[in-house]
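J.: If you want the building blocks of each chain, they are given just below.
There are 2 protein chains.
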Amino acid sequence: MRPQIALFGDSITEQSFRPGGWGAALANNYSRKADVLVRGYGGYNTRWALFLLHHLFPLNSANPPAAVTIFFGANDAAILGRQSERQHVPTDEYKENLRKMVLHLKGCSPTVLVVLITPPPVDEEGRNAYARSLYGEKARELPERTNEVTGLYAKQCIELAKEMGLRSIDLWSKMQETQGWQKKFLSDGLHLTPDGNAVVHQEVTKVFSESWLSPVEMPFDFPHHSQIDGKNPEKAFDQRCLSL
Amino acid sequence: MRPQIALFGDSITEQSFRPGGWGAALANNYSRKADVLVRGYGGYNTRWALFLLHHLFPLNSANPPAAVTIFFGANDAAILGRQSERQHVPTDEYKENLRKMVLHLKGCSPTVLVVLITPPPVDEEGRNAYARSLYGEKARELPERTNEVTGLYAKQCIELAKEMGLRSIDLWSKMQETQGWQKKFLSDGLHLTPDGNAVVHQEVTKVFSESWLSPVEMPFDFPHHSQIDGKNPEKAFDQRCLSL
Numbered sequence: 041m042r043p044q045i046a047l048f049g050d051s052i053t054e055q056s057f058r059p060g061g062w063g064a065a066l067a068n069n070y071s072r073k074a075d076v077l078v079r080g081y082g083g084y085n086t087r088w089a090l091f092l093l094h095h096l097f098p099l100n101s102a103n104p105p106a107a108v109t110i111f112f113g114a115n116d117a118a119i120l121g122r123q124s125e126r127q128h129v130p131t132d133e134y135k136e137n138l139r140k141m142v143l144h145l146k147g148c149s150p151t152v153l154v155v156l157i158t159p160p161p162v163d164e165e166g167r168n169a170y171a172r173s174l175y176g177e178k179a180r181e182l183p184e185r186t187n188e189v190t191g192l193y194a195k196q197c198i199e200l201a202k203e204m205g206l207r208s209i210d211l212w213s214k215m216q217e218t219q220g221w222q223k224k225f226l227s228d229g230l231h232l233t234p235d236g237n238a239v240v241h242q243e244v245t246k247v248f249s250e251s252w253l254s255p256v257e258m259p260f261d262f263p264h265h266s267q268i269d270g271k272n273p274e275k276a277f278d279q280r281c282l283s284l
Numbered sequence: 041m042r043p044q045i046a047l048f049g050d051s052i053t054e055q056s057f058r059p060g061g062w063g064a065a066l067a068n069n070y071s072r073k074a075d076v077l078v079r080g081y082g083g084y085n086t087r088w089a090l091f092l093l094h095h096l097f098p099l100n101s102a103n104p105p106a107a108v109t110i111f112f113g114a115n116d117a118a119i120l121g122r123q124s125e126r127q128h129v130p131t132d133e134y135k136e137n138l139r140k141m142v143l144h145l146k147g148c149s150p151t152v153l154v155v156l157i158t159p160p161p162v163d164e165e166g167r168n169a170y171a172r173s174l175y176g177e178k179a180r181e182l183p184e185r186t187n188e189v190t191g192l193y194a195k196q197c198i199e200l201a202k203e204m205g206l207r208s209i210d211l212w213s214k215m216q217e218t219q220g221w222q223k224k225f226l227s228d229g230l231h232l233t234p235d236g237n238a239v240v241h242q243e244v245t246k247v248f249s250e251s252w253l254s255p256v257e258m259p260f261d262f263p264h265h266s267q268i269d270g271k272n273p274e275k276a277f278d279q280r281c282l283s284l
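In order, the protein sequence lines correspond to chains A and B. In terms of this note's numbering, the first sequence opens at residue 41 and continues consecutively. In terms of this note's numbering, the second sequence opens at residue 41 and continues consecutively.
Any given hint might turn out to be false.
In silico DSS-like pairs for lysine-lysine, Cα to Cα no more than 30 Å straight-line [said to hold, decoys possible]:
no. : chain 1 : residue 1 : chain 2 : residue 2
1   : B       : K271      : A       : K195
2   : B       : K275      : A       : K140
3   : B       : K73       : A       : K135
4   : B       : K135      : A       : K73
5   : B       : K195      : A       : K271
6   : B       : K140      : A       : K271
7   : B       : K135      : A       : K271
8   : A       : K73       : B       : K146
9   : A       : K73       : B       : K73
Hints are computed from structural coordinates only; laboratory data are not their basis.
This is chain A alone, in the form it adopts within the complex (with noise of 0.2 Å):
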């Protein structure tokens, strides 16, 4: 009955409806409007969520999502050779993987809006002072992800997006923008604050705004109850019927 919106994506789509969440936030937005799922898999890389992609989008699905976010690349982005190797996916596979959801929702549903966002920054500071809250003296020693590898696997995505034709958020760039964003926007160097989600939340709702996806001028999906007649509702609801 009402579209469907998906984030689909790691460890930042699935706490994105944690207090302060961009996720949350999305959901409220589109109250009486749209449904926000949560397709959030902490860990997961690209190469990882393929596995799920045609049990979370199945083709020939009677109401595929209306839009999609696709919010990978932090994982992939772990460094060989340290810590978290286990996840990483090289930025050319990742690209690949990338383009393979894409062109899986798109046979799912040839109008789905699919929105491309970039990992965050990584505050490698932040990584190894969380790292040390963790496991004080035998901390690794070195930072399993750092933001200029991560600014290689934003870079990736933004091309792709490019060669699609596809919508994008360059989320490594723009939290860069802001003085302090290590701390400001990142929680333990990768995870988001509130006010990191609130980033995600506003380009997200920008990018959708811009496409026909805008939260503001969608109708809603029934009157108003300023606009039912205490003595009279069934009118309100008639008119609404004859337009369903």
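On the provided structure of chain A, position chain B as indicated by the hints.
T.: Positioned in the frame of chain A, the structure of chain B alone reads:
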């Protein structure tokens, strides 16, 4: 593919995805397990909500909700002859309207878990202060809702749950067990503060968990990333697919 939990109610449901909201907190708990869908209609009473029932929950749907919270009464309890009388619904009709909702949902799915939630208590002083903040000296003198009258609706709601063998949450009583509930749980004498949202979240989670819908016990839809062998990721997903 995954169960749906629908939150059906008035503004207290519609606002449940705002920061600190009980709906967003539920969506976070059920991430990777169930989808939480907000079906909140600010200002609606049960009489008007009946017009939505067949649209929101069509009979013969291939995917009816597994669980529904029904959370009305705050508007039905508006007092005749006062400012919000347009929203007033008599207590006996309120009860019968709730019964119609439950019967309809059972018609959609005989196994649906329905949880009835009473309206929260009303802080008349808070309502007056809110009216004065909007209208100054022109504010109405008598509160459009009273705690006593809202309590009559809460009683009907709980009685119906008993008659129909449903789970229910007596929010009206529960909140009043806490000293200072008027300001602690209510922002304008009627709607919920983050603390008030936390009470609803806690009570709904408790009822769901005591039924068959425990967010802790429900399995994840796909393997936790730590269970994926980086060199042989297929294995984790093959096993999962066998059980699908």
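J.: Give a verdict on every hint.
T.: These are the hints, each one checked on the structure:
no.: 1; hint: B/K271 <-> A/K195; in the structure: holds, 26 Å
no.: 2; hint: B/K275 <-> A/K140; in the structure: holds, 21 Å
no.: 3; hint: B/K73 <-> A/K135; in the structure: holds, 29 Å
no.: 4; hint: B/K135 <-> A/K73; in the structure: holds, 29 Å
no.: 5; hint: B/K195 <-> A/K271; in the structure: holds, 26 Å
no.: 6; hint: B/K140 <-> A/K271; in the structure: holds, 21 Å
no.: 7; hint: B/K135 <-> A/K271; in the structure: holds, 20 Å
no.: 8; hint: A/K73 <-> B/K146; in the structure: holds, 25 Å
no.: 9; hint: A/K73 <-> B/K73; in the structure: holds, 23 Å
In summary, the structure agrees with every hint in the numbered list given earlier.
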